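Q: Sequence:
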Amino acid sequence: MKISKILETVSDYQKLFTEDTTFIVSDLEKYLYYRPGRIDFGFKPGDKIVEGTLMEKAMKQNKKIVARVEKEQSKFGFPYIATAIPITDEEGVVGAMAVAFSTETQDMVINMSDNLARVTGEIRESATEFSTSAAELANTNQRIAGESTELQNEIAGIQEIVNLINSISDRTHILGLNAAIEAARVGDKGRGFAVVAEEIRKLAQQTKYSAQDIRKKINQSLHSLNELVQSIQNLAAISEEQSAMAQQLTAAIEEISAVAEDLKNIAFKLK
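My numbering puts the first residue of the sequence shown at 23, with every later residue one more than the last.
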């Protein structure tokens with residue numbers, strides 16, 4: 023096919039590609055047609071063919087060449103995918119035609135998927151740590167709640183002892199009162215006994231007051247303990263909810279990680 027025919031129909035060829043596609047036609051020495059797309063090699067019609075490009079290789083090897091050129095290997099400072107084919111007639115190779123596409127979108131998707139995978143990995147680790155901490159906190163709260171219940175039972179036992187002391191104090195007071203009455207009945211002979219009886223009554227009264235004071239303080243402590251137990255139970259419930267939420271978050275992150283990996287695989291397939 024003569025190059026002149028290709029140049030006459032080049033606009034029809036262009037319709038086969040998107041506007042992002044760079045389209046090039048050359049003879050053996052120079053570029054004859056150049057329409058840049060998203061990427062621009064900086065060629066102009068009449069410029070000499072750049073050595074080492076796919077078009078030059080396609081003409082030298084007389085075959086179609088498809089290649090992805092990374093930025094590090096590119097003579098133009100940007101990555102791209104290009105297809106070059108030789109143009110031949112009855113005399114042999116007379117030129118070449120090439121199309122080139124930017125890999126910016128694919129590279130961006132790959133980078134984004136890599137970043138997404140990295141971020142989700144970090145979040146997954148944090149969520150796992152949070153889930154573990156929440157579970158440990160819930161277990162600790164349950165243990166403290168159990169110990170608090172045992173303490174409540176012990177306080178209840180102390181209250182029973184205080185009640186017993188109070189009962190003994192009342193009976194001792196009655197005994198002292200009876201002894202004082204008996205000492206008064208016998209007159210001077212019971213004077214010494216009356217002193218002892220009075221001391222017994224005083225001791226019983228002091229014991230009763232002390233028992234009442236102890237009961238009051240125990241009730242205050244029990245009230246504070248009940249509030250503490252309630253707070254611990256509320257905290258335990260919150261911790262369990264946090265643990266469940268952390269597990270759900272971990273599951274969601276796993277799904278995001280899977281999507282990121284799929285996205286990366288798709289981007290690689292586009293290369």
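Hints in this document: simulated from the structure, not taken from any laboratory.
Check the hints yourself; a few may be wrong.
Result set (DSSO-like, lysine-lysine): computed pairs, CA atoms no more than 27 Å apart in a straight line [as the list claims (entries may be wrong)]:
1) K70 x K85
2) K27 x K93
3) K93 x K82
4) K79 x K93
5) K52 x K27
6) K224 x K239
7) K37 x K66
8) K93 x K24
9) K86 x K66
Label-pair distances were calculated between CB atoms; the ranges are [to be verified]:
10) A280 x N241: 34 to 40 Å
11) N241 x N200: 41 to 47 Å
12) T162 x I236: 55 to 61 Å
13) K86 x E113: 56 to 62 Å
14) E276 x V131: 46 to 52 Å
15) K85 x G143: 40 to 46 Å
16) N84 x T150: 58 to 64 Å
Here the structure is a predicted model, which means the values were calculated and not measured.
Positions of the beta carbon are idealized from the N, C-alpha and C atoms, including for glycine.
Q: Look at each hint and say if it fits the structure.
A: So, going through the hints one by one against the coordinates:
1. K70 x K85: With Cα atoms ~21 Å apart, K70 and K85 stay inside 27 Å; holds.
2. K27 x K93: 34 Å, violated
3. K93 x K82: Holds, at roughly 24 Å.
4. K79 x K93: 19 Å, holds
5. K52 x K27: 17 Å, holds
6. K224 x K239: It holds: about 23 Å lies between the C-alpha atoms, which stays within 27 Å.
7. K37 x K66: 21 Å, holds
8. K93 x K24: 34 Å, violated
9. K86 x K66: 23 Å, holds
10. A280 x N241: 34 to 40 Å: Distance hint for A280, N241 is violated at roughly 59 Å.
11. N241 x N200: 41 to 47 Å: Violated: the Cβ-Cβ distance is about 32 Å, outside 41 to 47 Å.
12. T162 x I236: 55 to 61 Å: 32 Å, violated
13. K86 x E113: 56 to 62 Å: Hint violated: Cβ distance 20 Å, outside 56 to 62 Å.
14. E276 x V131: 46 to 52 Å: 21 Å, violated
15. K85 x G143: 40 to 46 Å: Given range 40 to 46 Å: holds, Cβ gap about 44 Å.
16. N84 x T150: 58 to 64 Å: Roughly 59 Å apart at Cβ, these two residues keep to the hinted range, so it holds.
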